[in-house]
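Q: Each chain, letter by letter, is given below.
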Amino acid sequence: MSITTPAAKTAQLLAVLWERNRPVVEERVAILESAIHTLGVTQTLAPETQVDAANVAHKLAGTLGMFGYPRGTELARMIEEVLEMTDPLTPTESKLLQEWVVELKTVLAK
Amino acid sequence: MRKVLIIDDEDDIREVAALSLETVAGWTVVTANCGPEGLRMAAAEKPDAILLDVMMPEMDGPTTFKNLQANPETSHIPVLLLTAKVQGVDQRRFASLGVKAVLFKPFDPLTLSEEMAAVLGWTD
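Chains as they are written, first to last, in the working numbering: chain D, 508 to 617; chain B, 2 to 125.
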């Protein structure tokens, strides 16, 4: 069946682009997961690790909704905001970050 | 036919924005993956508008915009900033630069061209 409308064609091409970019997204989620795992174990993050993780969350926030994952963008944005804080992360924040990353993986697995 | 230059360091953003503008609106799209390349492309391609990412390594969006404004060959080209920063303080800072508009990531690929056309007053 041929696709005739620009919207349908865009949706089809978007699905192709998602599959092509999925490894990059998964790599970014893995970086977040690793940083937040470290945070859970040591209760602290090296400043450069925290900045890198915040940057990765920022990139995810900017892209996931575009591919049809609005909740992914929300979660990434919340993670970014916490990681951008300059004060040391509290145990509550650390726990929230862990929960959000787990949910992010779940959302993207659907 | 309208021509738009997209300047963004992220491959997926460039690809989806280009797909959106080409397929939905039928515009011609050229892309650059960093500020310096964007400056060269803007001067060479003379686009009708530029979609410019804020956070890029080497030369960020605001600096790229200032350089575009400083060049008589590109200073007339309307620039729309594209950012994933949603906090009000960031929005006000970007808007104060003198850009035509600030658009937000993630954008909807099906409506990005409509949003741009509305801001730019492109009715054709």
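Where hints are given, some of them may not hold.
Unchecked claim - Straight-line Cα separation of at most 30 Å, DSBU-like style, residue types lysine-lysine; simulated pairs:
1) 47(B) - 516(D)
2) 47(B) - 4(B)
3) 67(B) - 516(D)
4) 4(B) - 101(B)
5) 612(D) - 516(D)
6) 47(B) - 101(B)
What the hints assert, rightly or not - Coverage of chain B stretches by chain D, computed from C-beta distances (three or more under 8 Å per stretch; other residues unrestricted):
7) 4-13
8) 30-43
Stated by the list, open to error - Negatives, chain D to chain B, calculated, CB over 12 Å:
9) 538
10) 545
11) 600
12) 607
Calculated from the structure, these hints are not laboratory results.
Small disclaimer: the values here were computed from a predicted structure and weren't measured.
Each residue gets a CB set at the ideal place from its N, CA and C atoms; glycine is no exception.
Q: Run every hint past the structure and note whether it holds.
A: Now the hints, each set against the structure:
1. 47(B) - 516(D): holds, 28 Å
2. 47(B) - 4(B): holds, 8 Å
3. 67(B) - 516(D): Since the Cα atoms of residue 67(B) and residue 516(D) sit roughly 37 Å apart, the hinted pair is violated (cutoff 30 Å).
4. 4(B) - 101(B): holds, 16 Å
5. 612(D) - 516(D): The hint holds at about 28 Å.
6. 47(B) - 101(B): holds, 17 Å
7. 4-13: Holds, because 3 residues of the region 4-13 of chain B bring their Cβ atoms closer than 8 Å to Cβ atoms of chain D.
8. 30-43: violated (count 0)
9. 538: Residue 538(D) clear of chain B: closest Cβ-Cβ about 15 Å, beyond 12 Å.
10. 545: holds, 24 Å
11. 600: Non-interface label on residue 600(D) holds, nearest chain B Cβ at 18 Å vs cutoff 12 Å.
12. 607: holds, 17 Å
Checked against the numbered hints above, the structure violates hints 3, 8; every other hint is satisfied.
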